[in-house]
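Protein sequence lines correspond, in order, to chains A and B.
Residue numbering for the first sequence follows the working numbering, starting at 121 and increasing by one per position.
Residue numbering for the second sequence follows the working numbering, starting at 121 and increasing by one per position.
Hints are computed from structural coordinates only; laboratory data are not their basis.
We put the CB at the ideal spot given by N, CA and C, even for glycine.
A couple of the hints might just be wrong.
[Claimed, not checked] Chain A stretches covered by chain B per the calculated footprint, using a threshold of three residues with CB under 8 Å from any CB of chain B:
# : segment
1 : 183 to 197
2 : 225 to 233
3 : 311 to 322
[Unchecked claim] Lysine-lysine pairs mimicking BS3-like chemistry, simulated, CA-CA at most 30 Å apart:
# : chain 1 : residue 1 : chain 2 : residue 2
4 : A       : Lys-198   : B       : Lys-313
5 : B       : Lys-285   : A       : Lys-281
6 : A       : Lys-170   : A       : Lys-254
Number of protein chains: 2
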Amino acid sequence: MLHLVIAEAELEPVPKAIVDHPAVVNHARRRGKRPDEILLDSTYHHAAIKKLPDGERRGRPDIVHICLLNALESITSKEGLLRVYVHTRNDEVIHIKPETRIPRNYNRFVGLMESLFRDRVVPRGLELLRIEEKSLGELVEELNPDGVFVMHEEGKPTKPKDFGKILGGLENPLVIVGGFPHGDFRGETPGEKISIYEAPLMAWAVVNEVIINFEHWVP
Amino acid sequence: MLHLVIAEAELEPVPKAIVDHPAVVNHARRRGKRPDEILLDSTYHHAAIKKLPDGERRGRPDIVHICLLNALESITSKEGLLRVYVHTRNDEVIHIKPETRIPRNYNRFVGLMESLFRDRVVPRGLELLRIEEKSLGELVEELNPDGVFVMHEEGKPTKPKDFGKILGGLENPLVIVGGFPHGDFRGETPGEKISIYEAPLMAWAVVNEVIINFEHWVP
Chain A
121 MLHLVIAEAE LEPVPKAIVD HPAVVNHARR RGKRPDEILL DSTYHHAAIK
171 KLPDGERRGR PDIVHICLLN ALESITSKEG LLRVYVHTRN DEVIHIKPET
221 RIPRNYNRFV GLMESLFRDR VVPRGLELLR IEEKSLGELV EELNPDGVFV
271 MHEEGKPTKP KDFGKILGGL ENPLVIVGGF PHGDFRGETP GEKISIYEAP
321 LMAWAVVNEV IINFEHWVP
Chain B
121 MLHLVIAEAE LEPVPKAIVD HPAVVNHARR RGKRPDEILL DSTYHHAAIK
171 KLPDGERRGR PDIVHICLLN ALESITSKEG LLRVYVHTRN DEVIHIKPET
221 RIPRNYNRFV GLMESLFRDR VVPRGLELLR IEEKSLGELV EELNPDGVFV
271 MHEEGKPTKP KDFGKILGGL ENPLVIVGGF PHGDFRGETP GEKISIYEAP
321 LMAWAVVNEV IINFEHWVP
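One chain only, chain A, in its complex shape (with noise of 0.2 Å):
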């Protein structure tokens, strides 16, 4: 079984800071809610975000969305050998159940992760997702992989086919791919560090590259 984390996620509801910001409350108001129970989306709230601290990385569920559009739709995850976790900025942790359908249509992701912070497990019957505190040290320490791996453009060179052999030769490996559009992870990454390109790739670039290698060494 191959858990993968996407970790330190751009992934947060309004921060209080600017949730008086025009370009916030507009926003809100468009789409008939509250300021402060919206995400925070860097398309709508550029002005608003430029005022905090690692403002020009913050504000990106889209990033979160096409990473897991991939990998439950992955023939890794069909055939019952991935699980997928989501370690945001704030030191929270998305469980997702393996048969959750996540929405494709992108508003529609964003208001079932409106719904997730606000009543911290949906839909209320199934919690096929739920929230809780939880840094990125202790998922790891809960989830006692054998193997701990975070993607790195400073790691070991790796081509993602050796990759992938070395994840199949595990039992209960764990991977950690940055959530967030550039830069490095700000907090403490258990694991080591491995880079299978030369040059900077999307999450979800790295995501696919991770489960489709993974997939080939699997009996």
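Start from chain A and add chain B according to the hints.
Positioned in the frame of chain A, the structure of chain B alone reads:
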């Protein structure tokens, strides 16, 4: 060079037949656009789309968006070994320059496609995207590949890895992936039918498998 065609993609402006439907008119008004210049989108036009032939599969710009984000951000694309084309249900073909940066945000992508259907090229100077009337057969003939494959549930069962090897052994293979949510191609599809998995896969999952398995076999 791998040529990837997203074929019979469910990407089109709202058809004339439903341009006066309240679901379309209201959605266009909310977006500040004319009903005849917005993209058909099943998320918002569900009530109207039901009245169209093939209504249960139309209006899926999201499928094209995710396929393009995956293809253009892949290692194969960054290595200059991939060309991507979108063929639509109305026999139009979108040519995409490989350096194109597709908007990550879905709503921006929709806006870009609306501009493309209106202006036929975007952006005006760079012409990164160009749309023209062309059938799938005409596109394949124009590209003159040395192998043509159609990803199809009822095709020849072939492991993704083995299919990648076949592609890697050719100079200019062309792979056709259906850009619709379910069902079969409506028109003629030139090429050998290949099935990489025993169950249906979403279009973007197939795109990822094709591209990453091709990548393994290029020197």
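Hint check:
1. 183 to 197: holds (count 7)
2. 225 to 233: holds (count 4)
3. 311 to 322: Held - the segment 311 to 322 of chain A has 5 residues with a Cβ nearer than 8 Å to chain B, which meets the minimum of three.
4. Lys-198(A) <-> Lys-313(B): Measuring from Cα to Cα gives roughly 22 Å; hence the hint holds.
5. Lys-285(B) <-> Lys-281(A): holds (13 Å)
6. Lys-170(A) <-> Lys-254(A): holds (27 Å)
When held up to the earlier numbered hints, the structure conflicts with none and fits them all.
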